Amino acid sequence: MADSLSELSQLTPGAHPLRREVVVRHQLERILTAVVELVAARGYRNVSVAAIVKQAGTSRLKFYENFSSKEDCFLAAFDAGIEAASGRVAQACEAAGSELPARVGAGIDALLGFLAERPALARACALQAPSLGAAMGDRRARAIASFAPLLDGARESATVSELPAGVEESVLDGLYWLLYDALLSGSPEPVAELRGALVEFALLPFLGPASARQAGAL
Amino acid sequence: MSSDQPGERPEQPDELARLPHGRHGLSAEFVAHNQSQRLLVSLIRSVAAEGYNATTITAITDGAGVTTRTFYKYFDSVEACYLAAFDAAVELLGARLAQVFGSAEDWPLQVRACLATALDFFSASPDLARLCLTEPFVAGPAIARHYQEQVERAVPFLRAGRERSADADSFPPTTERGLIGSIASQIGRKVSAGEAERLPDLLADLVQFALTPYLGAAEARAVALAR
Numbered sequence: 001m002a003d004s005l006s007e008l009s010q011l012t013p014g015a016h017p018l019r020r021e022v023v024v025r026h027q028l029e030r031i032l033t034a035v036v037e038l039v040a041a042r043g044y045r046n047v048s049v050a051a052i053v054k055q056a057g058t059s060r061l062k063f064y065e066n067f068s069s070k071e072d073c074f075l076a077a078f079d080a081g082i083e084a085a086s087g088r089v090a091q092a093c094e095a096a097g098s099e100l101p102a103r104v105g106a107g108i109d110a111l112l113g114f115l116a117e118r119p120a121l122a123r124a125c126a127l128q129a130p131s132l133g134a135a136m137g138d139r140r141a142r143a144i145a146s147f148a149p150l151l152d153g154a155r156e157s158a159t160v161s162e163l164p165a166g167v168e169e170s171v172l173d174g175l176y177w178l179l180y181d182a183l184l185s186g187s188p189e190p191v192a193e194l195r196g197a198l199v200e201f202a203l204l205p206f207l208g209p210a211s212a213r214q215a216g217a218l
Numbered sequence: 001m002s003s004d005q006p007g008e009r010p011e012q013p014d015e016l017a018r019l020p021h022g023r024h025g026l027s028a029e030f031v032a033h034n035q036s037q038r039l040l041v042s043l044i045r046s047v048a049a050e051g052y053n054a055t056t057i058t059a060i061t062d063g064a065g066v067t068t069r070t071f072y073k074y075f076d077s078v079e080a081c082y083l084a085a086f087d088a089a090v091e092l093l094g095a096r097l098a099q100v101f102g103s104a105e106d107w108p109l110q111v112r113a114c115l116a117t118a119l120d121f122f123s124a125s126p127d128l129a130r131l132c133l134t135e136p137f138v139a140g141p142a143i144a145r146h147y148q149e150q151v152e153r154a155v156p157f158l159r160a161g162r163e164r165s166a167d168a169d170s171f172p173p174t175t176e177r178g179l180i181g182s183i184a185s186q187i188g189r190k191v192s193a194g195e196a197e198r199l200p201d202l203l204a205d206l207v208q209f210a211l212t213p214y215l216g217a218a219e220a221r222a223v224a225l226a227r
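Heads up: the protein sequence lines correspond to chains A and B, in order.
Residue numbering for the first sequence follows the working numbering, starting at 1 and increasing by one per position.
Residue numbering for the second sequence follows the working numbering, starting at 1 and increasing by one per position.
Same shape as in the complex, but just chain B (with noise of 0.2 Å):
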């Protein structure tokens, strides 16, 4: 390995450019050229290609080109490394949800249209779908558990839906987590069966499932099946 000086290896922008591959803009705000984004890189490649198991520190440093020493000045533990790209991660399609839920009217347009942009935002990158959706289980109970917060960062947003029922006031008080939750466990059902790229085949199934509870099953139909 080589020394523990900056730059120990020349920045490779083009190969880091392709990764994530997407259309997301990933390559702009993930590969700048510093190492604790080189390894967050190289995290990412490994947890895709190996899994989270196979993800040790030497895997992460071989592939960002960096020693052991520096991946310890950014990071105290594997674990660490994962959270951060998972948060990173997790910010950019934060702001992609923001950006969309702003631009419908309706809700539960809104609803579909969040929904197509995280489909697409995982389908674009199978790499991150799988640091995001089915890793966070195997990295252990505690990675879990922030996983299932940032899942139900979703709820109030799906909860604004229940005015639009007659029994607004008789919704159990968890409908939405269970709503959620299910959503994101078809989702990372299909990133496991190495079906990322087909992510956006499950919009509709999964609107009418989101919106039936609020609309009733014809309205929820008309607006998943809405061109």
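Next comes chain A alone, as it looks inside the complex (with noise of 0.2 Å):
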């Protein structure tokens, strides 16, 4: 997103032939950049949808065109926001390969780069979302849930037996915490400190303490 829009930036109005749908996808892409970094920055009560359009260099009418309020907007951000960091954790996760400490570390390189990359989209999906309250329905569940590739074949490659059912999840869930506090301190800060801690908390049920230590200090 970052790209395009300074792609677009460079660009002079009129002295190219931009075909419709590229210019209504990087209004849409502006709008959505805008949202994010406005409810990063002032908290989610604390933005209009004026403070949006202007941010995006846009109109209301441009605005309403393609979401019917704020929230609609916010939320549209939240779920590409999502779709674009657990895609490419699964990325990492695939390219490392089935031995399962290798692919956790890839994983969790991927989200923790991804982050600091976008650290509006991290603050606002992760701190400012919940703000919307019951408008999230069950997104925080299945934003979360949708990080479930990092642990794919855990279970088959784990040294420790007879694993409750769901630990997955239970996992998920407490990487989660882990993560939300770290971006709750500010930023995902120090990163090779958090990095240690994930990779050991997403082992530990699998392969044990011991093991899930060594690799987490790798």
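Please keep in mind that the hints were generated in silico from the structure rather than gathered at the bench.
Every value quoted in this text rests on a predicted model; they were computed, and no experiment measured them.
Backbone N, C-alpha and C define an ideal beta-carbon position, used for all residues, glycine too.
It cannot be assumed that every hint is accurate.
Here are some, though not all, of the chain B residues that point toward chain A, as calculated from beta-carbon distances under 10 Å [as the list claims (entries may be wrong)]:
(1) Q37
(2) Q110
(3) P141
(4) D205
(5) F209
(6) A218
Starting from two chains that each stand alone, build the complex the way the hints lay out.
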């Protein structure tokens, strides 16, 4: 999104025969970027449609062509952000192969890398989105569940026997707790320390404390 | 709205005694006859019924039968009133947990008894469950942080389990924070889904999840399923 924005800003209006759908897509992306930046900086409750429109350099008309409300707009940005983050994690896990510590390490690295690149998105989605209350529906739970590929195959690779059913979901909940806490404290810094904690916690139920600790220290 | 005099509305002990309903003795501790506690009860009722976002000062004062000026005598914002109610609920639960913790001798049974107590506490009062477990995040990062700190007070109790493990010295430092956080999240999700009354159903799974890293799966399961 950031890339396409900088690309767009280099265009001189009128100098390029942009096709209509390209313009529309850029407008949409500008609005989504604007809502995320504003919500991260000011808090969800303190952001208005007027401010989003101004920051995005678009018009109210264009805003309402795409979204019915501030809430609708923010939820679209939230969904897009979670999809991008979980996609990045799944891809990194796949690329790392089937060995569990390597897979989990790659997935956590990808997640922390994504959050470091997009700090406003991280703050908006983790810290501000819950302010919407009931309007969030089950998005928080679905968002956490979308990172399930991180633990694909973990049960099969486990050295701990008789794992409880649903341990994967419980582990994702715990990972989110640790990550959320780091975001509350400012940013996911220091990343190295957080990385170790997340890798260790993800592996602990499957490999036991000693192996988990060893993998986290790598 | 009525004038700012003490006893602006006749006390309504019967009505208030029903709130928050349940068997954990809140009526005695919460429903003392004074304005600030009426305000807390009104806030709890509003947050449970409408959510934090809809809980305005007007909603709270209307429910408590006091004026806005009275509200500001005790609290300077909805957030402050919310925090007071939250802390009162945490204190009640904390007292209950301290009692239960001492009643079991063996650490795994202590963990189980404490989890059972927390689940019973919140299932007996879905209003407090929502107040304490789902709305802190809605109320914003400062309150969410306070919530997490309260939840993590349980960390040292769980950490005591490391002594039971052959790998006692190799536990990752954040093990207990992750375990406790996961448990709190799982309970919160059930409350979010409107299933607070069914929280005790989670007991066996949560006990097993909490104990497995320390005792191994087989022993953890035995404790979880013990009658």
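* Asked: Is the hint on D205/B kept, meaning its closest Cβ partner in chain A is under 10 Å away?
  -> 6 Å, holds
* To do: Closer than 10 Å between Cβ atoms is the bar; does F209/B clear it against chain A? Give me holds or violated.
  => Because about 5 Å separates F209/B from the closest Cβ in chain A, which is inside the 10 Å limit, the hint holds.
* Asked: Once the shortest beta carbon distance from P141/B to chain A is found, is it less than 10 Å?
  -> Result: holds, 5 Å to nearest chain A Cβ.
* **Hint status (Cβ of Q37/B to nearest Cβ of chain A, threshold 10 Å)** => 25 Å, violated
* Is the hint on Q110/B kept, meaning its closest Cβ partner in chain A is under 10 Å away? -> Status violated, d = 20 Å.
* Going by Cβ atoms only, is A218/B closer than 10 Å to chain A? -> 6 Å, holds
Comparing the model with each earlier hint shows violations of hints 1, 2; every other hint is respected.
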